[in-house]
Each structure stands twice: as structure tokens, then as C-alpha cells.
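Visitor: So you can see what is in the structure, the chains are spelled out below.
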Amino acid sequence: MSPLIINGRTEKDLIQACLRGERQAQMEIFNMYASKMMVVCMRYGRHRLEAEDILQDSFVKIFTHLHEFEYQGSFEGWIRRIIINTAIKNNQRKSVQYEDIGLDHVHEESADPDVFSTLSEEELINIISTLPDGYRMVFNLYAIEGYNHREIAHILNIEESTSRSQLYKARKLLQEKVFELYQQAV
Amino acid sequence: MHKFDKIFKHKLSHAHTEVAAHNWEKIVSRLDQADALKPRVWPYRLALTGMAIVLLMVGTTWVSNSLQYSDLTSPTAKNQINTNSNKGDTYSLTSSQVAIPYADNTEIIASGSTDGINNSSLSNDLNATISTNHAVDSDVRSIKNFAASINKDTPITPVDEGAFQTVVLESSIKNANIQIAPLVSPNFDAVISNDEHLISDVIASSNAPQTIKLPALGYQPSTLLAIRRKIKSKPTSKTTPACPFTLNGHMKSLEVYVSHDYISKSLSAPDEFVNVIAERESSESAMYSFSAGFRFGYMIAPRVNVHLGANYSHMNEKFSYVDPESVQERTITIKDYIYENGKIIDSLVTTETIKLPGTSTIKKQNSFTSFDIPILGRFTILGNRNISLSALAGPIINVSYGHKGMIIGTDLKPVDISDNQIYKPQLGVRLYSGISLAYHLAGDLDFVFEPHARISFDDVSKDNYPIAQRHQSFGVHTGLRYRF
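Chains as they are written, first to last, in our numbering: chain A, 46 to 231; chain B, 15 to 498.
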């Protein structure tokens, strides 16, 4: 795969320039990834302002710890991990209470794909951001990032059963909100 | 994967949204602040480098001025008086060729002339400028010992027996039936002969300048010139050799020292722990660190010493962390007064409790202590009666490594480090290197100033702990060395 070229410089060139403290290169890196990472931040934040805080914190960390990037994976993946970690940390600062409920005999409803096709990405993000903090964290980590319950339990310092129950409740709430929006739309 | 999750993932994985320009402006502002707060390691390194350069320059100058007796072994000096010399040739040895390795306050010129008897004899003026401030003695009783120790293979031998100094030049003058001419300077005896015993006798016979006619000595391969400086001024000290580390012998020493240390700490981890590193760097800050110890030294050869000792190092660090999960409860009491016609007729007290999250700060002083055994070799690069400069290097064997306090763990929560879960109980072997400047305070006592580095090739954190931590230590030992 040919390297990505931005303004005549490869991504690696830009990283090297950032390491030398070149603001222009840092801005190019920011412009390259900010719009995509802002979506990640909005998924984890309660509102846009909080998402912007997470984005800013993350990019400051990215540029101050860039020397630790070892080119072992994609740069975008590395940035995304920092964004998610920052979001988790930000969430922990709010002292989120994770509610544990029993999952015995729980039956999950299946989603209707037609409903989702009518909803925009922004609407979906807005729906996620209305979730309580704990639900939102678990849902993002499990459904979007692909972590399993054991990993989520470790990351958020909660029980695995708590992670499962939070996910269940998150899905339930999301489905309700999606149907609400769908009904309003039709 | 749940169908519901799949839809969300599919729709949001590659989504973009607009980002306001003020975000970048705020990031730049914070990066500028971070740059301003970066620890300035380079001035420290620059200072160390500068100090090393200055020491080397001073040393080089010193060597060229004071320790050039080794130049006398150069072919120029060795061959200046040689088999091709003819009657009437004049030789003049420069100070760089005949400089006794101890700087002097007074310069003394010694001149002697030789007058040949047969056809191949020489009549040369020999001038030698000798600079020395080394205390010498008029006692010539040891001169026989000196003469007996002359090595004919050595063109010039500066001899320091503590009481006097003698320089012996060797030239390759064949057929030299040599007569000692009157010496110009009363401060020197100069004897030219190819018979070392004769030199010994001549010098021993009198302290005064003299002329001695030597018999023809046949075809000896070389001729010796001995120049001995006599007393010109009172000795400053009979017991202080110029530099104790450049002499022969098996001198022992004991030194004690303390040092302020600068610890360079580095943290590294796989990409997924970059957040942990960021939290650790913001919560840990360096405090005063020091080391102290003692060393025994033993001179195994001129200029070469070995040292064995014990060293204790103490590194302090401040840990400051705002616990986001902490909640402070505050009770607010509000008292409302009820007025009627401008007078208070009653009061109403209400109490309210509010919770303030993230208000608890954990503050700890972390300390890392190590007890080491240094095994060092020291080579004295140069020295005179006042000062000597040495280079040291060798392994430091760690005996124990202690640690207490708190750090941010991999789960981004504070953890105690007193047990050996995160840090090693022993650090293995590190490398010590330094430059030691010793000022000879008194006969057997030196003040030692030693910029040094302790280089680690391994982490202080355990190998199975994901955040690798390594310390490099720099400092300046100051202490005293006693020679016995």
C-alpha cells in the first residue's frame, strides 16, 4: 500500500516533523483525523462541549507522547486508543455509578434494520449521548470498539455482570429511542 | 455480534463531523504551555560537557607544561648527542626536552661542557633548562642508590626519591674520553660519563660544582649525563610527593563522599498504555536525590588504582493525584431572619448537604533507595603536587533496591509500590563512569570532586510489568580521600 501523502509529505514525515515540534505538521495531523475522532468523542461525551474537551485533551496527549508511537500499528488506531482512554478517564472523573441488575430470564428484542436506515449518523450519535454515562461507556466499548465484557470490566473497574447488565439496558433504551424517532419521522 | 450493535458499528465507524476551529487554537495554547514546562535537561548536559572540556583543556595545557619529560624519550632528544657528533658541535636541550615533571617557581639553567681528549672527543656545550618546584635535599647519601638504578635503555630518567631529584640523560657517544668542565651554575652537578658508578662517586663526593677529569673509557655504547639539582630554597615539604598517584608503590586510600544526584527517568509501554504513562508523568515529579558512600583504593601500578566500596543512593519523588472518585460532603446551614416592622421576630434554619466530586488529592513522597557495591578502576591522567585528574569506570553491583509510595497503576488508579509487584528488589549490574579531580590538601589528604554517571542497561520495573521504567543517574561526588 502506498503511503498517504498530505501536502507532499507522508504520514511518517509529518510524525517526524511533529516530533521536531513543527506546529504546521501538528495542524495537518489534527486536520487529518479531527473530524473522524470527533465522532468518537461525541459517542463517549454527554454533549458536544464535553466531546470537544475530550478531543482537545486527547490531541495534547497525542502530540506530547508522539515519541512513544512505535509504528507497530496504524497511526489512526493509536490515536483512536488515546481518544478512548481519555474518554474513559474523563468519565471516571465524573464518578459514574454503575448499576448492576439481574439478567435472569431477560429476552432481548431484535432490531429492525429498516428503522435504522432512516436515521442519520448524527441522529444515532445524539441517541447514544442521551444514554446514562455508564450505559453509554459500556455500549460504546462493546458494540463499537469490540471489547468483550471481561476487558470492559477491567477497563472500567466493574464486574463482568455489571458490564452485561449495562449493555442490556443500553440496548433497550437505544431501541426505544430509535423507535421514537422512527415514529416521529413516519 | 448482536444485530443491533452491528448496525450502530456500521453506521458510526467511518462517520465524520465538523470540528470547530477553536479546538485547534486551544490545543496549540496547551501545547505551548506544555513546551514551557518541559524539564530542561540539556543545560545540565551542556554544563557537564563544558566542564569535561574545560578539564581536558586545563589538563592538556598542564601536561604540555609540566609533564614533558616523556618527550626526552623522543628520537630528537635521544639522538641529539650521538655517534655522528663532532668536536665543536653545540647542543642545546630545550625545556621541553629536559623538564622535570614538576612545575617550578624558579627556573634554573644548568650548563656543562665536555672537552674531548682524543681525536673523537667532543667539546660541546650542553644547556638544560630545568623547571621544578619540587623540594630537593642536599643530602646525597642516596645518590649511589640512584646511580645503581640507572637503566641504560632509558634515555632520560627523572628520579624522585623524595629527597632530591636527578635527571639522567643518555646519549650514544662513542670513544668519549670525557672531562667534566667547570659547571656554570652552582646549583647543579653535572657529570658525563659512561660509567654509572663513576657518576655516582662524583656526585656523592661533593655538593659543590667541580671539574673532574675522567679517564678514557674505551668504546662504551653510551654515555650518561647526570644533572642533579641541589637545594636552592628550603624544601616546602619533604613528605609531599608531587602527585601520589603517578609514583610507584602500593598506596592504599580511603575516601568518603556525598553527591547530589539528578535522575533521568524514562517510561515506556505498549501503545495501549500511553494514557497510563501520561497520567504517571503528570502525577510524578522529581525531588531531591542524593548518594553517599565510601571506597577503599589500592594502587596496583603507577597511575592505576582499583576501588571497592559501598554506595547508598536515595531518590525522592512527589506523587500528587486528584482522586476522581472521591466525594466530599459539605453541610451548609442557612439562617433566614423574619422581620416585622424592622425587627427580627423569628428565624428559620435550613441545612443542606452538597456533594463535591473529585476533591480529594492524594499526596505522597515516593522514595527509591539502592545499596550498591562499586568495583572501579581509576587511571590518573595527569597530576602535580597540588592536583590530579583521573578517569574512573567500572561496574556497580546492586545489593538491594527499595521503593515506597504510590504511582498510577495500569488501571489508572493509585497503587502502592512498597511490595515487589511493580519494581524489582534488585537491579543487577550498572555501569559507573566519572572524572575525578583531586586537590591534595595535605600530605595524605585529598579533596575529591567527581562528576559521574551511573548508567542502567535494565529497567527498575519488573519485566512482566507493562510500563517499563528506567533510571539514569548523574551527579557530582564531593568528598575526602585519605592516603595511607
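Source of the hints: derived by calculation from the structure; they are not laboratory data.
Source: prediction; values computed, not measured.
Note that beta-carbon positions come from the ideal geometry of N, C-alpha and C, so glycine has one too.
Check each hint, because a few of them may be wrong.
Okay, derived cross-link-like pairs now, BS3-like style, lysine-lysine, Cα gap no bigger than 27 angstroms in a straight line [to be verified]:
#: 1; chain 1: B; residue 1: K279; chain 2: B; residue 2: K377
#: 2; chain 1: B; residue 1: K357; chain 2: A; residue 2: K134
#: 3; chain 1: A; residue 1: K134; chain 2: B; residue 2: K369
#: 4; chain 1: B; residue 1: K279; chain 2: A; residue 2: K134
#: 5; chain 1: A; residue 1: K134; chain 2: B; residue 2: K266
#: 6; chain 1: B; residue 1: K349; chain 2: A; residue 2: K134
Cβ-to-Cβ under 8 angstroms is the rule here; a few derived chain A residues that face chain B [said to hold, decoys possible]:
#: 7; residue: Q61
#: 8; residue: A62
#: 9; residue: L64
#: 10; residue: M77
#: 11; residue: M87
#: 12; residue: T109
#: 13; residue: G118
#: 14; residue: L169
#: 15; residue: N171
#: 16; residue: H194
Visitor: Does each hint fit the structure? Answer for all of them.
Guide: Hint-by-hint comparison with the structure:
no.	hint	result
1	B:K279 / B:K377	holds, 20 angstroms
2	B:K357 / A:K134	violated, 55 angstroms
3	A:K134 / B:K369	holds, 20 angstroms
4	B:K279 / A:K134	holds, 24 angstroms
5	A:K134 / B:K266	violated, 60 angstroms
6	B:K349 / A:K134	violated, 40 angstroms
7	Q61	violated, 17 angstroms
8	A62	violated, 14 angstroms
9	L64	violated, 13 angstroms
10	M77	violated, 11 angstroms
11	M87	holds, 7 angstroms
12	T109	holds, 5 angstroms
13	G118	holds, 7 angstroms
14	L169	holds, 6 angstroms
15	N171	violated, 11 angstroms
16	H194	violated, 13 angstroms
The structure is inconsistent with the numbered hints 2, 5, 6, 7, 8, 9, 10, 15 and 16, although it conforms to all the rest.
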